[in-house]
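What follows is the residue order along each chain.
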Amino acid sequence: MAYKLNVNGKVLTADVDPDTPLLWTLRDTLGITGPKFGCGIGACGACTVHLDSKPIRSCSTPVSSVAPTARITTIEGVGADPVGKKVQAAWAEFDVAQCGYCQPGQIMSATALLKATPKPTDAQIDQAMNGNICRCATYNRIRAAIKRASGQPVEV
Amino acid sequence: MTLELTGASRRDFIKASASAAGLTLAFSIAPKAGAAEAGVKPLNAFVHVAPDGIVTIMAKNPEIGQGIKTSLPMIIAEELDVPWEMVRIEQADNDPKAYGRQFAGGSLATPLHWDDHRRVGAVARAMLIQAAALAWNCPAGECSTDKGMVIHVATKRRASYGSLAAQCSGVAVPDPKSLTLKDPSAYKIIGHAKPQYDTAKIVSGQPLFGIDVRRPGMLYATYEKAGVFGAKVASADLDAAKAVKGVRGAFVVEGGTALDGLMPGVAVVGDSWWAARKGRNQLKTRWAEHPTSAQSSVGFAKRAGELAAGAPQMVTRHDGDVDAALKGAAKTVKAAYAYPFLAHVPMEPQNCTAEFKDGKLEIWAPTQNPEAGRQLVARTLGIQPDNITIHMTRCGGGFGRRLSNDYMVEAAWIAREAKAPVKLVWTREDDVHHDFYRPGGFHFFEGGVDAAGNVVAWKNHFVTYGEAPDKPASSAGMAASEFPARFVQNCQIGISTMPLGVPTGPLRAPGSNALAFVHQSFIDELAHAAGMDPVAFQLKLLGDQKIVGQAPAAYNAERMRGVLKAAAEMSGWGKAQLPARTGMGVACYFSHQGYFAEVAKVHVAETGKVKVEKVWVAADVGHQIVNPSGAMNQVQGAVIDGISAALFQRITIENGAVQQANFSNYSVLRMADAPPVEVKFLMTAYPPTGLGEPALPPAIPAVTNAIFAATGKRIRELPIDTSLLKA
Numbered sequence: 005m006a007y008k009l010n011v012n013g014k015v016l017t018a019d020v021d022p023d024t025p026l027l028w029t030l031r032d033t034l035g036i037t038g039p040k041f042g043c044g045i046g047a048c049g050a051c052t053v054h055l056d057s058k059p060i061r062s063c064s065t066p067v068s069s070v071a072p073t074a075r076i077t078t079i080e081g082v083g084a085d086p087v088g089k090k091v092q093a094a095w096a097e098f099d100v101a102q103c104g105y106c107q108p109g110q111i112m113s114a115t116a117l118l119k120a121t122p123k124p125t126d127a128q129i130d131q132a133m134n135g136n137i138c139r140c141a142t143y144n145r146i147r148a149a150i151k152r153a154s155g156q157p158v159e160v
Numbered sequence: 034m035t036l037e038l039t040g041a042s043r044r045d046f047i048k049a050s051a052s053a054a055g056l057t058l059a060f061s062i063a064p065k066a067g068a069a070e071a072g073v074k075p076l077n078a079f080v081h082v083a084p085d086g087i088v089t090i091m092a093k094n095p096e097i098g099q100g101i102k103t104s105l106p107m108i109i110a111e112e113l114d115v116p117w118e119m120v121r122i123e124q125a126d127n128d129p130k131a132y133g134r135q136f137a138g139g140s141l142a143t144p145l146h147w148d149d150h151r152r153v154g155a156v157a158r159a160m161l162i163q164a165a166a167l168a169w170n171c172p173a174g175e176c177s178t179d180k181g182m183v184i185h186v187a188t189k190r191r192a193s194y195g196s197l198a199a200q201c202s203g204v205a206v207p208d209p210k211s212l213t214l215k216d217p218s219a220y221k222i223i224g225h226a227k228p229q230y231d232t233a234k235i236v237s238g239q240p241l242f243g244i245d246v247r248r249p250g251m252l253y254a255t256y257e258k259a260g261v262f263g264a265k266v267a268s269a270d271l272d273a274a275k276a277v278k279g280v281r282g283a284f285v286v287e288g289g290t291a292l293d294g295l296m297p298g299v300a301v302v303g304d305s306w307w308a309a310r311k312g313r314n315q316l317k318t319r320w321a322e323h324p325t326s327a328q329s330s331v332g333f334a335k336r337a338g339e340l341a342a343g344a345p346q347m348v349t350r351h352d353g354d355v356d357a358a359l360k361g362a363a364k365t366v367k368a369a370y371a372y373p374f375l376a377h378v379p380m381e382p383q384n385c386t387a388e389f390k391d392g393k394l395e396i397w398a399p400t401q402n403p404e405a406g407r408q409l410v411a412r413t414l415g416i417q418p419d420n421i422t423i424h425m426t427r428c429g430g431g432f433g434r435r436l437s438n439d440y441m442v443e444a445a446w447i448a449r450e451a452k453a454p455v456k457l458v459w460t461r462e463d464d465v466h467h468d469f470y471r472p473g474g475f476h477f478f479e480g481g482v483d484a485a486g487n488v489v490a491w492k493n494h495f496v497t498y499g500e501a502p503d504k505p506a507s508s509a510g511m512a513a514s515e516f517p518a519r520f521v522q523n524c525q526i527g528i529s530t531m532p533l534g535v536p537t538g539p540l541r542a543p544g545s546n547a548l549a550f551v552h553q554s555f556i557d558e559l560a561h562a563a564g565m566d567p568v569a570f571q572l573k574l575l576g577d578q579k580i581v582g583q584a585p586a587a588y589n590a591e592r593m594r595g596v597l598k599a600a601a602e603m604s605g606w607g608k609a610q611l612p613a614r615t616g617m618g619v620a621c622y623f624s625h626q627g628y629f630a631e632v633a634k635v636h637v638a639e640t641g642k643v644k645v646e647k648v649w650v651a652a653d654v655g656h657q658i659v660n661p662s663g664a665m666n667q668v669q670g671a672v673i674d675g676i677s678a679a680l681f682q683r684i685t686i687e688n689g690a691v692q693q694a695n696f697s698n699y700s701v702l703r704m705a706d707a708p709p710v711e712v713k714f715l716m717t718a719y720p721p722t723g724l725g726e727p728a729l730p731p732a733i734p735a736v737t738n739a740i741f742a743a744t745g746k747r748i749r750e751l752p753i754d755t756s757l758l759k760a
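Chains as they are written, first to last, in the numbering used here: chain A, 5 to 160; chain B, 34 to 760.
Since the hints were derived computationally from the structure, they do not count as laboratory data. Using N, Cα and C, we set each Cβ at its ideal position, and we do this for glycine too. Please note that a few of the clues may not be correct.
Stated by the list, open to error - FRET-style restraints, in silico, Cβ to Cβ:
hint, chain 1, residue 1, chain 2, residue 2, range
1, A, 97, B, 415, 49 to 59 Å
2, A, 57, B, 612, 57 to 67 Å
3, B, 580, A, 122, 51 to 61 Å
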C-alpha cells in the first residue's frame with residue numbers, strides 16, 4: 005500500500021504493509037533515522053515523534069493509522085519549531101547526552117511538554133518524561149535542560 | 034616524506050609525514066617494533082594539520098557514551114596548543130597496527146593514554162616550531178606557540194600552523210620522551226568543560242549509530258536463537274517465512290557450541306526489517322534438547338545453600354585464626370547475601386551491517402572491542418583478518434555488553450549466505466534473552482568486632498559460578514585481596530562454584546558492582562553491632578597506614594580515608610535532623626583505579642516504596658580531570674545506574690532460559706526516581722584515571738545502608754524487595 009505522510013513539512017510516499025509501524029516506515033523506507041528503535045512495545049520512548057504536536061511512540065503506531073493530513077514531526081524537523089529549537093539549544097548547553105541514543109526521543113517529549121505546559125513543575129516534568137528511558141541516566145541534566153528551555157531557574 | 038622515530042623506550046613510535054596536504058602524525062605503542070613500523074598508515078594517523086589550519090584529530094577508541102571521542106583528542110589538542118574551535122575529530126577505524134589496542138573497557142583509556150596522547154600533541158607542536166625556526170633562521174628555543182600560531186617574540190614574526198604544516202617535511206621527528214610537557218596551570222583545554230564533539234548531531238538526530246548505517250542494495254535481517262543457550266534448531270518453517278511479502282530469504286545457521294561465538298539459529302532476510310520480522314513470526318521454530326535446559330535460578334539458590342553448609346571448595350585467604358577470633362569477639366554477626374543475574378540493555382539494540390565485496394568483508398558495528406570481533410569473524414567464517422575492515426560507529430550505550438561481538442559474527446555469516454549487504458538488527462527481546470549476564474552470586478559472612486569497635490574476624494564463603502573454584506565464569510570471580518582483607522588480622526575467604534550454562538560477562542564495574550554491595554553492607558552491619566557511627570567505624574577499619582599491599586593489588590587507604598571524610602562533610606553526615614523513615618547511608622569502594630565514597634539519603638514510605646532523595650559523591654581519580662563536563666555526567670550516570678539495578682533489576686533463569694524479555698519486565702529507572710547527585714573531585718598527587726565505572730559500586734550499598742538507617746531493616750538481597758519495608 006502506498007501511504008502519503010506529511011513528515012517535517014514534506015509530503016512523502018511510502019509503499020509498505022498497513023501494519024508496518026511508523027518507526028520502520030520512517031527509518032527503513034524513508035531514510036529518516038533520527039527516531040530510534042529501543043523496545044518495539046512503546047516502553048522506552050526512543051522512537052518518540054510528534055503527531056500534530058502530540059508525542060507518540062512510533063514503534064507501536066501502524067502507518068495505516070496515521071492520517072495523510074496529520075503533521076508528523078521528527079527530531080530532524082523539530083528545530084523548525086521555536087520551542088523545539090530552544091530545547092535542542094538547552095540540550096547542547098548542558099551537554100546532556102552520554103551515548104545520545106535516547107536523546108531524540110527525550111527532546112521530542114520535552115518539546116511536547118513545553119508546548120502544552122510552558123513552565124512545568126518538577127512533578128509535571130517527571131510525568132511527561134516518564135515514558136522515556138535514558139539508560140546512561142542523564143536525568144539530572146535532562147531536568148536542568150527542560151528548566152532552562154522553559155526559562156525557569158536551574159539548580160545544577 | 035616520511036620519517037620514523039623510535040622513542041627512548043623502543044616501544045613507542047611516532048611516524049610523521051608531511052606534504053602539500055599538511056602534516057600528519059601517527060603514534061602507536063606496539064608490542065613489537067616491526068609490527069608497528071610496518072603498519073603505521075599516515076592516513077590513519079592521530080593528527081593532521083591542514084593548510085587552512087584546521088587540525089583533525091583521530092579518536093582511537095569506541096565511543097559508547099563515555100565521552101572518549103571528545104576527551105582523548107582534548108589531551109592531544111592541549112599539547113599541540115591549538116584552539117579547540119579549530120579541531121575536528123574523526124572516529125578511527127579498527128586498526129591496531131596504527132593505534133594499538135582500541136577498546137572501551139575497564140575505565141582504562143585515560144590512564145593508558147594520559148601520557149602518550151600529550152606527547153603526540155607535543156611532537157606535532159615541536160615539529161611546527163622547528164619548521165618555523167628553519168624558515169626564520171632562528172633557534173627553535175626562541176619560538177613559542179599560541180592559538181595555533183608559532184611566534185618569534187624578538188622579531189614579532191608569526192606563522193599559522195596551517196602555513197607551516199607542509200614545511201614539516203624537512204623536520205626531524207623529536208623523541209617524544211625528550212619533550213617538556215605543559216604545566217597544568219597553563220592548560221586551556223584539559224580541565225575545561227567541553228560538550229561532546231557530536232552534540233549538534235545528537236540533538237538534531239543525525240545518523241551516528243550502527244543502527245543508522247545504510248548501504249546500497251542493503252537487506253535487513255533478524256536472527257532467532259533458542260531460549261536455552263546453544264540449543265540447535267530441530268525444525269523451522271522456512272517456507273512460511275519466505276511466503277511473507279518482502280522476505281528475501283530464510284535459512285538455518287548450524288552454529289557452534291561456544292556461547293560467545295556463532296550460536297545456532299534461524300535467519301530471515303528481507304527488504305525491510307519489518308518484513309524480516311514478520312517472516313520470523315511464521316517460523317514456528319522447534320529447538321533440540323540441550324543439556325542445560327533444566328537449570329534455573331531457584332535451583333542455583335538451593336545449591337548455593339547446600340554448598341554454604343559445607344567447607345569452601347577452595348580457601349583463597351587464611352590469615353590468623355578466624356574461628357578463634359570469632360569466639361573471642363565482643364559481638365559477632367552472621368549474614369547471607371545474594372544478588373541476581375543482570376542484563377546490560379543498552380538503548381541501541383545489538384546490530385551490525387556487513388558487506389562482502391571483491392573478496393573482502395566490510396563491517397560497520399557498534400562495538401566496544403572491534404579487534405576481538407574481527408578475529409571472531411575471521412575464525413568463524415574462515416577469512417583472513419587482513420581482509421576484514423571494521424568501522425566503529427557510535428554505540429548507543431555499551432556497559433560491557435559490546436565487548437562481545439556475537440551480533441557481529443551473525444551479521445557477517447548472514448551477509449555471506451544472503452549474498453548481499455545485510456543489516457542485522459536484534460529485537461529488544463533478543464537482547465534480553467541473549468546477553469552475557471552479570472553473574473549472580475551468594476556470600477555467607479561471619480564477622481566479629483571487639484569492645485573497641487575493631488573488626489577482629491572476617492569470614493566469607495563466596496558461592497559463585499564456574500567450572501571450578503579456580504576457574505570462575507566470566508566476571509564471577511573475587512580476588513583474595515577484596516577489602517577488608519589485609520585490614521583484618523583474622524580473615525578467611527573461601528570460594529565454591531556451581532557449573533553454569535548461561536553466558537556471563539563484564540557489566541559496568543564488573544565484579545565490583547556486586548562485591549561492593551555485599552562487603553560494604555556487611556561492614557555496615559558490623560558498625561551497628563559495635564554501636565559505632567558507620568563513617569567512624571570504616572575510618573577505623575581503614576587504619577592509619579598509607580598503602581596496604583603491593584601492586585597490582587595495592588590499596589591506598591589514605592586516598593580512601595580522604596574521600597570518606599569528604600563525602601561525610603559534603604552530606605552533613607551525622608548533623609542533619611532527619612524526618613521519620615528517612616536515613617542516610619555511607620559506602621566507599623576502590624575499583625578501576627578510582628577511590629569513591631558516597632552518601633545516600635533515602636526515604637522509605639509506609640508502603641515500602643524507596644525514594645532516594647540525594648546522593649553525595651567524593652571521588653579521587655588523581656590530579657587532573659580531563660573534561661569536567663563529561664566527568665560529572667559519568668559519575669551522575671553511574672550512581673543512578675547502580676540505583677536502577679538495586680531497585681528494579683533481576684534476570685531469572687527457568688527451564689534453562691531467561692524469563693524477562695523487555696523493559697516491561699526488566700525495568701530501567703526513570704526520571705521520577707532519579708535523585709540529584711552532587712559530586713566533588715578531590716585533587717590528589719596521583720596520575721589521572723578513568724571514570725566510566727568506579728562511581729557505580731558504592732552507590733548500591735550507600736542506598737541499602739540508608740534503608741537500614743531509615744527503617745532498621747537490612748537489605749541482604751537485590752533487587753530491593755520493598756514488601757519487606759512496609760511500616
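Tested hints:
{"no.": "1", "hint": "97(A) - 415(B): 49 to 59 Å", "in the structure": "51 Å, holds"}
{"no.": "2", "hint": "57(A) - 612(B): 57 to 67 Å", "in the structure": "41 Å, violated"}
{"no.": "3", "hint": "580(B) - 122(A): 51 to 61 Å", "in the structure": "56 Å, holds"}
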